[in-house]
Amino acid sequence: MPEPAGKHDPSTPLLTLHVGKVRPYTRAGTTSAIAKSPVGGRLRITTLGLAGDEQADLRVHGGVDKAIHHYPLDHYAAWRQEIAHPLLDSAGAFGENFSTQGWTEASVHFGDIVQAGSAVLQVSQGRQPCWKLNDRFGQPDMARRLQSTGRTGWYYRVLEEGAISAGDRLIVLERPYPQWPLSLLMDMLFQRTLDLALLRSASALPLPPSWKKLIEHRLARNEVESWQKRLEGPDGT
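Heads up: the sequence shown begins at 12 in the numbering used here, then just goes up one per residue.
Calculated from the structure, these hints are not laboratory results.
No residue lacks a Cβ here, since even glycine has one placed at the ideal position from N, Cα and C.
A few of these clues could be false.
[As the list claims (entries may be wrong)] Subject to a maximum C-alpha distance of 30 Å in a straight line, what follows is the list of computed DSSO-like cross-link-like pairs (lysine-lysine):
no., residue 1, residue 2
1, 223, 240
2, 224, 240
3, 240, 32
[To be verified] Across the chosen pairs, the derived CB separations fall in these ranges:
no., residue 1, residue 2, range
4, 39, 235, 28 to 34 Å
5, 92, 48, 35 to 41 Å
6, 189, 39, 20 to 26 Å
7, 237, 55, 35 to 41 Å
8, 21, 235, 16 to 22 Å
9, 76, 233, 25 to 31 Å
10, 95, 228, 34 to 40 Å
11, 101, 232, 40 to 46 Å
12, 159, 38, 33 to 39 Å
13, 101, 35, 20 to 26 Å
14, 209, 53, 18 to 24 Å
Kindly generate the complete structure, drawing on both the sequences and the hints.
Rendered as structure tokens:
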């Protein structure tokens with residue numbers, strides 16, 4: 012039986028809500044909606060995310076398994092100690108839709124079912140950071156640093172459409188996988204990359220197809236997929 016959600020940080024207020032439009036980005040021919048701005052009022056949540064929010068490359072961003080991105084404001088203090096950048100003066104630096112304080116990858120679990128306003132969401136996966144963070148922060152290793160620290164944030168899929176506004180509480184309704192905090196899943200992905208027992212255990216989870224494929228590749232070949240294009244960009248710079 013799923014573990015009752017109330018034993019683990021069952022709720023936190025949504026501090027700010029952010030959306031962004033696709034715009035030309037830093038490298039020739041690239042676009043991005045990573046520059047998201049806080050919005051007031053109540054926003055509709057559909058299976059593809061927040062009304063008014065866009066994603067540039069739907070092969071790797073957005074879609075039903077990455078409908079909403081949540082990044083903890085809790086991490087900002089550590090980032091400010093490491094990087095002096097004005098983006099870190101307020102939430103939204105990492106392209107997040109939801110900003111909260113009190114939930115992190117250590118307390119949020121894969122598969123958590125969350126009441127968000129009148130919508131119901133489910134934690135679907137952690138973030139695999141990409142090169143666009145490097146350019147956004149002017150740090151050529153920013154994406155790699157994000158994944159090495161485990162401060163990646165996470166994504167939701169939408170189980171029930173609804174609406175939300177800043178100030179609403181996010182409430183964990185159910186925790187079907189109490190043995191799988193996101194921190195463990197991200198550790199498997201980026202640190203314990205060829206821990207076969209951990210990979211086999213994770214393969215039993217209802218992960219998105221791309222994660223299933225990644226795990227199957229590692230188990231079958233006993234090797235880790237290349238991260239270069241994701242972390243450094245299409246031109247490898």
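Each hint, compared with the structure:
1. Our distance criterion of 30 Å between C-alpha atoms is met by residue 223 and residue 240, whose separation comes to about 20 Å.
2. A hinted pair counts as satisfied when its Cα atoms are at most 30 Å apart, and residue 224 with residue 240 qualifies at roughly 18 Å.
3. A distance of roughly 24 Å separates the Cα atoms of residue 240 and residue 32; the hinted pair therefore holds under the 30 Å criterion.
4. The supplied range of 28 to 34 Å is met by residue 39 and residue 235, whose beta-carbon atoms lie about 30 Å from each other.
5. Separated by about 25 Å at the C-beta atoms, residue 92 and residue 48 break the suggested range of 35 to 41 Å.
6. Checked against the hint of 20 to 26 Å, the C-beta distance between residue 189 and residue 39 comes to roughly 47 Å, which is inconsistent with it.
7. Our hint of 35 to 41 Å for residue 237 and residue 55 holds, since their Cβ atoms are close to 38 Å apart.
8. Hint check: residue 21 to residue 235, Cβ distance near 36 Å, so the stated range 16 to 22 Å is violated.
9. Against the hinted window of 25 to 31 Å, the Cβ-Cβ separation of residue 76 and residue 233 comes to about 27 Å, which satisfies the hint.
10. Take residue 95 and residue 228: their Cβ atoms lie about 39 Å apart, and the range 34 to 40 Å holds.
11. Between residue 101 and residue 232 the beta carbons are some 43 Å apart, a value that agrees with the proposed interval 40 to 46 Å.
12. Under the hint 33 to 39 Å, the C-beta atoms of residue 159 and residue 38, about 23 Å apart, miss the expected range.
13. For residue 101 and residue 35, the Cβ-Cβ distance of about 23 Å falls inside the hinted range of 20 to 26 Å, so the restraint holds.
14. Distance hint check: the CB atoms of residue 209 and residue 53 are about 41 Å apart, inconsistent with the given range 18 to 24 Å.
When the structure is compared with the earlier hints, violations turn up for hints 5, 6, 8, 12, 14 and for no others.
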